[in-house]
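Residue numbers (our numbering), protein chains in the order written: chain Y, 1 to 209; chain Z, 210 to 418; chain S, 419 to 627.
Please keep in mind that the hints were generated in silico from the structure rather than gathered at the bench. Some clues are possibly wrong.
[As the list claims (entries may be wrong)] Simulated restraints, written as ranges between beta carbons of each label pair:
#1 S:P569 with Z:K216: 26 to 32 Å
#2 S:L420 with Z:N271: 34 to 40 Å
#3 Y:G167 with Z:L381: 51 to 57 Å
#4 Z:Q232 with S:K570: 39 to 45 Å
#5 S:K425 with Z:P256: 40 to 46 Å
#6 Y:Q123 with S:K570: 26 to 32 Å
The structure presented is a predicted model; accordingly, all values stated were derived computationally and were not measured. The C-beta atom is built at its ideal place from N, Cα and C for all residues, glycine as well.
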Amino acid sequence: MLTLIDKLRKFKIIPVITIERAQDIVPLGEALVKNGLPVAEITFRTPAAADAIKLLKEAMPNKILIGAGTIINREQIRQAEAVGAEFIVSPGLNPDTVKACHELDIPIIPGINNPTQIEQAMQLGINCVKFFPAEPSGGLSMLKALLAPYPKLEILPTGGINLENIGHYLALPQVIACGGSWMVNNKLIKAKDWDTTGQLTRQVVKLVK
Amino acid sequence: MLTLIDKLRKFKIIPVITIERAQDIVPLGEALVKNGLPVAEITFRTPAAADAIKLLKEAMPNKILIGAGTIINREQIRQAEAVGAEFIVSPGLNPDTVKACHELDIPIIPGINNPTQIEQAMQLGINCVKFFPAEPSGGLSMLKALLAPYPKLEILPTGGINLENIGHYLALPQVIACGGSWMVNNKLIKAKDWDTTGQLTRQVVKLVK
Amino acid sequence: MLTLIDKLRKFKIIPVITIERAQDIVPLGEALVKNGLPVAEITFRTPAAADAIKLLKEAMPNKILIGAGTIINREQIRQAEAVGAEFIVSPGLNPDTVKACHELDIPIIPGINNPTQIEQAMQLGINCVKFFPAEPSGGLSMLKALLAPYPKLEILPTGGINLENIGHYLALPQVIACGGSWMVNNKLIKAKDWDTTGQLTRQVVKLVK
């Protein structure tokens with residue numbers, strides 16, 4: 001059976017979604033699945049997040065891998081897990097949220113952008129981290145410097161990733177996938193423009209294959 | 210009654226002062242107050258800091274808001290509080306100095322420049338942090354990425370702020386004010402050039418209003 | 419007697435070596451010593467590191483100062499100390515490895531790249547840190563901003579240092595030395611090209627004197 005990391009490695013790109021109206025997630029999720037990208041990180045930046053995860057799970061059972069993003073406390077982890085999120089992503093490394101995920105046996109990918117945080121993550125038993133915010137933190141040159149001392153670390157760059165730079169990130173063997181929002185951005189969601197979401201999804205899926 | 214954050218939001222710019230001779234603070238403070246900026250962060254980078262805060266408090270009681278900057282241990286907090294500093298600013302996030310400030314009931318604005326530190330600050334009950342050093346840490350693009358996951362955070366960018374970039378920082382609603390030193394730099398203080406300090410203060414006060 | 423910091427201040431440049439075949443360290447070390455740079459940081463990025471330190475110590479007793487780099491756990495500290503490493507360098511700041519070094523009374527220079535980590539290092543009794551990765555973290559402008567609040571800190575920039583920028587780093591009084599790899603890079607080691615290593619070493623030794 002594929003592990004979470006195996007699955008993310010196969011997708012190579014994870015759409016990071018911030019949603020205002022929970023019900024929008026269903027056509028959005030369909031646009032992703034139909035165009036070859038059955039994975040979504042739904043961020044807790046809006047109150048609609050938990051409802052959106054629930055709706056998407058019900059609409060497409062077993063057809064899409066769903067994670068909860070921007071998780072910053074235990075209460076959100078409980079909510080995310082209760083509605084069926086299969087993994088947790090956090091912007092920073094918070095030992096308290098890491099422990100909460102370990103207790104619930106749900107995988108967490110916490111954010112780091114320097115060596116000290118990587119070492120702290122490793123001490124907490126974490127081997128896969130998010131490099132966030134990727135581009136403002138120094139981009140590829142920072143990432144290469146961060147990975148060199150920790151050859152077994154697996155990493156998920158997110159923040160400023162786009163069609164132009166995603167190929168450079170994915171060329172590093174330790175990069176399992178990149179988080180990106182351009183195919184699921186707020187404007188497209190507000191306009192319910194699922195066609196454009198679908199086109200942009202096809203485009204990046206083709207590029208990363 | 211206005212809170213500390215309300216006051217800083219009103220000033221929009223906080224002069225960050227490093228002073229060698231304590232007595233220079235009085236004419237310097239007068240230049241700030243007369244030109245519309247009754248606030249000063251006096252840094253503990255020099256031994257004259259505590260004396261300077263004391264002198265300024267005595268010279269202009271209730272006319273200027275005074276904070277102590279570059280605070281890195283409990284002893285400095287005790288000194289700063291004893292001479293009447295109304296808030297504490299530190300370059301990094303040190304749980305020990307945060308706790309000491311909470312015990313003394315004096316507000317502290319600790320420095321952060323990544324998501325992990327923001328989450329640690331929040332865990333310590335801190336909601337207003339300093340983004341330091343702002344420009345070398347990635348400037349505006351880093352700041353926007355840092356704020357996105359934490360929409361309730363309030364922030365004070367400091368480090369490399371100048372007349373050219375301050376407007377861009379203040380345009381972000383979560384930015385309460387910026388720290389800056391160009392109107393109170395070492396050269397001006399050494400030359401006792403309070404006229405130039407006054408002119409540069411008027412200029413920035415006009416710009417940020 | 420010179421302390422470790424005194425010695426590193428004298429060398430000004432520390433070759434950072436990653437070695438695949440332990441026996442290569444002997445001619446490499448000779449090339450460094452013969453050309454005026456009797457110091458080597460051998461990184462635990464490869465399994466050959468401990469053997470290489472042992473071989474070099476035996477081949478040139480008391481002729482070269484040897485440190486162990488990329489140390490990320492207690493077991494590596496024990497290995498490094500057992501084979502005679504005289505100091506430890508780590509990519510990040512890990513309180514656990516710092517304490518292990520203090521227990522064994524072996525100096526450690528942990529990596530930092532922001533103010534919070536500097537304050538944490540100081541709390542752990544550390545006064546000399548590594549600025550890593552130097553260039554991707556913002557280079558000279560970041561380093562100056564980091565040093566300003568901590569005038570007594572001593573620092574060792576490493577990561578992206580080369581012939582062009584090393585002079586600018588060493589011009590800062592708080593910089594004790596820089597780590598660099600260009601005179602001992604993997605290509606030269608694979609090709610056993612000790613002549614080029616010697617030439618590049620002479621060149622940088624001449625430059626920094």
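Evaluated hints:
1. Separated by about 30 Å at the C-beta atoms, S:P569 and Z:K216 satisfy the suggested range of 26 to 32 Å.
2. Separated by about 55 Å at the C-beta atoms, S:L420 and Z:N271 break the suggested range of 34 to 40 Å.
3. Roughly 31 Å separates the CB atoms of Y:G167 and Z:L381, a value that falls outside the hinted 51 to 57 Å.
4. Against the hinted window of 39 to 45 Å, the Cβ-Cβ separation of Z:Q232 and S:K570 comes to about 26 Å, which falls outside the hint.
5. Range check, S:K425 to Z:P256: Cβ separation about 31 Å, and the 40 to 46 Å hint is violated.
6. Take Y:Q123 and S:K570: their Cβ atoms lie about 29 Å apart, and the range 26 to 32 Å holds.
Going down the numbered hints, you'll see the structure goes against 2, 3, 4, 5, while the others check out.
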